[in-house]
Amino acid sequence: MTTRRDFLLLAAASLAAPAANAQVDPNLAANRKAAFQAALSKIVGDAKVQRGRVKLQLPPLIDNGNSVPLSVTVESPMNAADHVKAIHVLTEKNPLPDVVSVALGPRAGRASLATRVRLADTQTVTAIAQMSDGSFWSDSAEVVVTLSACLEEGLI
Amino acid sequence: MARAVVTVPAQAKRGEIVEIKTLAQHSMETGFRRTQTGELIPRDIIRTFTCTYNGVEVYRCDLHPAIAANPLIAFTTVATESGSLSFQWVGDNGFTVTEIAPIRVE
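If you read the protein sequences in the order shown, they are chains A and B.
Under the numbering used here, think of the first position of the first sequence as 1, with each following residue one higher.
Under the numbering used here, think of the first position of the second sequence as 1001, with each following residue one higher.
In isolation and in its complexed conformation, chain B is listed as follows:
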């Protein structure tokens, strides 16, 4: 089972810029490596990462094989209203992980 960890402050002041860190568990197989017998190992990576704040997309990444295994993505967003942040990773071979983190804005 794939796992993902997100770090979001539990509460923030309105208009404050909050830092978000995300880490997904994934081998990010590049598709350029070979086995000992010389066969190419097929590509298996996370293609996109999306962060939505109460249903509005605030940050999106298109990832390529050059992203290291267990991709870490750290970014910021403006705390506008209380609600939830949803994080979604979508990749090859039907890989999908969704994490939801609540945030309280005062």
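Next comes chain A alone, as it looks inside the complex:
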């Protein structure tokens, strides 16, 4: 027979267990921000990132974060003296900030990239272009994601 004491203990345990599972890492937002900053400084180092020249295109409202069309174009003459050396795409709230890094040169003709990405959450996506003179240019786009690409802890 279940005593009142047993019942209370069981009830308390069953209430506590899901609460513990559903608990989000309190440092998650800070960790994601630190990871984004680390990824950014790995690309640009100490250089200054200017806004402009880069055009990042994403749909503003995304139904399904599993496959989001993304395109980046960079204004550049793309000749031997002045061209885009690299294009990087970073996200703020994906489990990993890096999305894609492209290495290109004057043989590419135009500095462009079109692909499909996964987005975990409503967030800001940033594209950074590295020019042959060493300068960095960027553009960012804010997107609203209704269905996340990866339903892992912290995004419930």
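What the hints contain is simulated information worked out from the structure, not anything from laboratory work.
Treat the hints with care, since some could be wrong.
[As the list claims (entries may be wrong)] Distance windows between CB atoms, simulated: (1) A:N64 / B:I1041: 18 to 24 Å; (2) B:L1072 / A:S140: 19 to 25 Å; (3) A:N64 / B:N1093: 25 to 31 Å; (4) B:L1072 / A:P77: 26 to 32 Å; (5) B:R1047 / A:R5: 53 to 59 Å; (6) B:N1070 / A:Q50: 33 to 39 Å; (7) B:N1093 / A:K85: 55 to 61 Å; (8) A:D133 / B:R1034: 42 to 48 Å; (9) B:G1015 / A:D25: 32 to 38 Å; (10) B:R1043 / A:D25: 17 to 23 Å; (11) A:Q50 / B:A1010: 38 to 44 Å; (12) B:P1102 / A:S41: 41 to 47 Å.
Here the structure is a predicted model, which means the values were calculated and not measured.
All C-beta atoms, glycine included, are put in the ideal place defined by N, C-alpha and C.
Fit chain B to the known structure of chain A by using the hints.
Here is chain B on its own, set in the frame of chain A:
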């Protein structure tokens, strides 16, 4: 067997910028998903994509788990001479696919 599709114009004028579209068949497992029993599904993605034009690298991508399944990559290159474009995808667990497309430049 893994498959890949590339779209390259069969012929182009010298100096013309041609558009190239590539699509590889790959699940791009992120390594962040779990099974119903809570075990982590190991990462299995394509790491790099390289396009070489007659042996010279013209475009290279480093891909991360945030690229959607069956990665589509569209870009451009300058048609300089007749020859072939070679596309290579390299990924985890020894994944390698190579496609070759001829191009005629007038």
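- Task: Hint says 41 to 47 Å; check whether the CB-CB distance for P1102 (chain B) and S41 (chain A) agrees.
- Result: Roughly 43 Å apart at Cβ, these two residues keep to the hinted range, so it holds.
Checklist entry - Quick one: are Q50 (chain A) and A1010 (chain B) within 38 to 44 Å, going by C-beta? => result Between Q50 (chain A) and A1010 (chain B), where Cβ atoms are some 41 Å apart, the hint holds.
**Prompt:** In this structure, is the beta-carbon distance linking N1070 (chain B) and Q50 (chain A) contained in 33 to 39 Å?
**Reply:** 35 Å, holds
With respect to the beta-carbon atoms only, verify the hint that R1047 (chain B) and R5 (chain A) lie 53 to 59 Å apart. With a Cβ separation near 58 Å, R1047 (chain B) and R5 (chain A) satisfy 53 to 59 Å, so the hint holds.
With respect to the beta-carbon atoms only, verify the hint that N64 (chain A) and I1041 (chain B) lie 18 to 24 Å apart. 20 Å, holds
*Go ahead and decide if the range 25 to 31 Å is satisfied by the Cβ distance of N64 (chain A) to N1093 (chain B).*
27 Å, holds
Task: Hint check for D25 (chain A) and G1015 (chain B) - Cβ pair distance inside 32 to 38 Å - done: Roughly 54 Å apart at Cβ, these two residues miss the hinted range, so it is violated.
Do L1072 (chain B) and S140 (chain A) keep their Cβ atoms within the hinted range of 19 to 25 Å?
22 Å, holds
Quiz item: How does the Cβ-Cβ distance of R1043 (chain B) and D25 (chain A) compare with 17 to 23 Å: does it lie in that range?
Solution: Given about 21 Å between the Cβ atoms, the range holds.
Quick check on a hinted range of 26 to 32 Å for L1072 (chain B) and P77 (chain A), using CB atoms only.
Holds - the Cβ-Cβ distance for L1072 (chain B) and P77 (chain A), about 27 Å, lies within 26 to 32 Å.
Could one say that the CB atoms of D133 (chain A) and R1034 (chain B) fall in the range 42 to 48 Å?
Holds - the Cβ-Cβ distance for D133 (chain A) and R1034 (chain B), about 46 Å, lies within 42 to 48 Å.
| query | Cβ-Cβ distance between N1093 (chain B) and K85 (chain A): within 55 to 61 Å? | reply | 31 Å, violated
In this structure, the hints that do not hold are numbers 7 and 9, in rising order.
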